Amino acid sequence: MTAPTVPAVPAPGTASAANRERPSLVPYIVTELRNTVIRADTIIFIIIMPLAFYLMFGAMASYGDFDAGRGNVNAVVMVNMAVFSTAMAATSVAGTSAVELAGGWGRQMALTPGGMRSYILVKTAAAVLLSLVPVTLIFTAGALLGARCDSPLVWVGSYLLCLTPTIPFSLYGLAIGLWFPSQGAVGIASASVSVWGFLSNIFMPLSGTLFTIAHATPLYGAAGLSQRPILDDMVVTAAGPIREGMWLQLANLVAWTLILALICLVSRRRAMLHR
277 MTAPTVPAVP APGTASAANR ERPSLVPYIV TELRNTVIRA DTIIFIIIMP
327 LAFYLMFGAM ASYGDFDAGR GNVNAVVMVN MAVFSTAMAA TSVAGTSAVE
377 LAGGWGRQMA LTPGGMRSYI LVKTAAAVLL SLVPVTLIFT AGALLGARCD
427 SPLVWVGSYL LCLTPTIPFS LYGLAIGLWF PSQGAVGIAS ASVSVWGFLS
477 NIFMPLSGTL FTIAHATPLY GAAGLSQRPI LDDMVVTAAG PIREGMWLQL
527 ANLVAWTLIL ALICLVSRRR AMLHR
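Numbered continuously in our numbering, the sequence shown closes out at residue 551.
For the record, the hints were derived by calculation from the structure and aren't laboratory data. None of these values were measured; they are calculated from a predicted model. Accuracy of the hints is not assured; some may be wrong.
Listed next, with one range per pair, are the computed distances between beta-carbon atoms [what the hints assert, rightly or not]:
1) 541 - 515: 34 to 42 angstroms
2) 468 - 328: 16 to 24 angstroms
3) 388 - 542: 21 to 29 angstroms
4) 343 - 381: 49 to 57 angstroms
5) 300 - 521: 42 to 50 angstroms
Even glycine gets a Cβ: it sits at the ideal position worked out from N, Cα and C.
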């Protein structure tokens, strides 16, 4: 008489044949995008406002058809407003994530098959995809309303580089949300991007002390890199065009990304200590 076969019991933390299946992230991403897009602050600050600024300062401006590098002024304004909209979108999505985590949503997500990794992937994908909405609208408006680039490569390069602010401003929104975990604070954080836009030489050319300050703002590097397919080393200031190397814009982008990442780490540890 043979002994009955006893099924092996997997060790704790190891995967078994009947392990939980990881669900598809696509429905979660679609739901996240839908819930974000229909919010009033998203429609106003991320979609309508940057597009309206482009129409006022680019498409409808008397100077819009003036030559500027490999395009015209209209195209430069188009890129600037697209960069601004990307920063707004990334800040909004990441800030909302921080509020959710502070409210205990992270513990709930950790119990799901996807875990926190899936949550982070969904939020990152949502930030990038949400950024594509206003950027695509602004570039479409630019193509229809007189924005000119000398080649398709300039168009494509400008479009892709407009997504540069996604990483630093996702960290910016996350930091604000972790320090001040309320939906109101997230709205203020998104609105504060407008201040950074002005101080970063995006909304209007600056000069003197203001232009010096612009080099230390979090949007300056991303905006400068996005303009490079059109303007190359040229930077437009109120005192006239000047030339700056790419290293300065890259240094700004990397420095702010590291600073904001450090603030997020400190904020997260602070929140955990207070629990």
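These are the hints, each one checked on the structure:
no.: 1; hint: 541 - 515: 34 to 42 angstroms; in the structure: holds, 40 angstroms
no.: 2; hint: 468 - 328: 16 to 24 angstroms; in the structure: holds, 19 angstroms
no.: 3; hint: 388 - 542: 21 to 29 angstroms; in the structure: holds, 28 angstroms
no.: 4; hint: 343 - 381: 49 to 57 angstroms; in the structure: holds, 51 angstroms
no.: 5; hint: 300 - 521: 42 to 50 angstroms; in the structure: holds, 45 angstroms
Against the hints set out earlier in the document, no violation occurs for any number.
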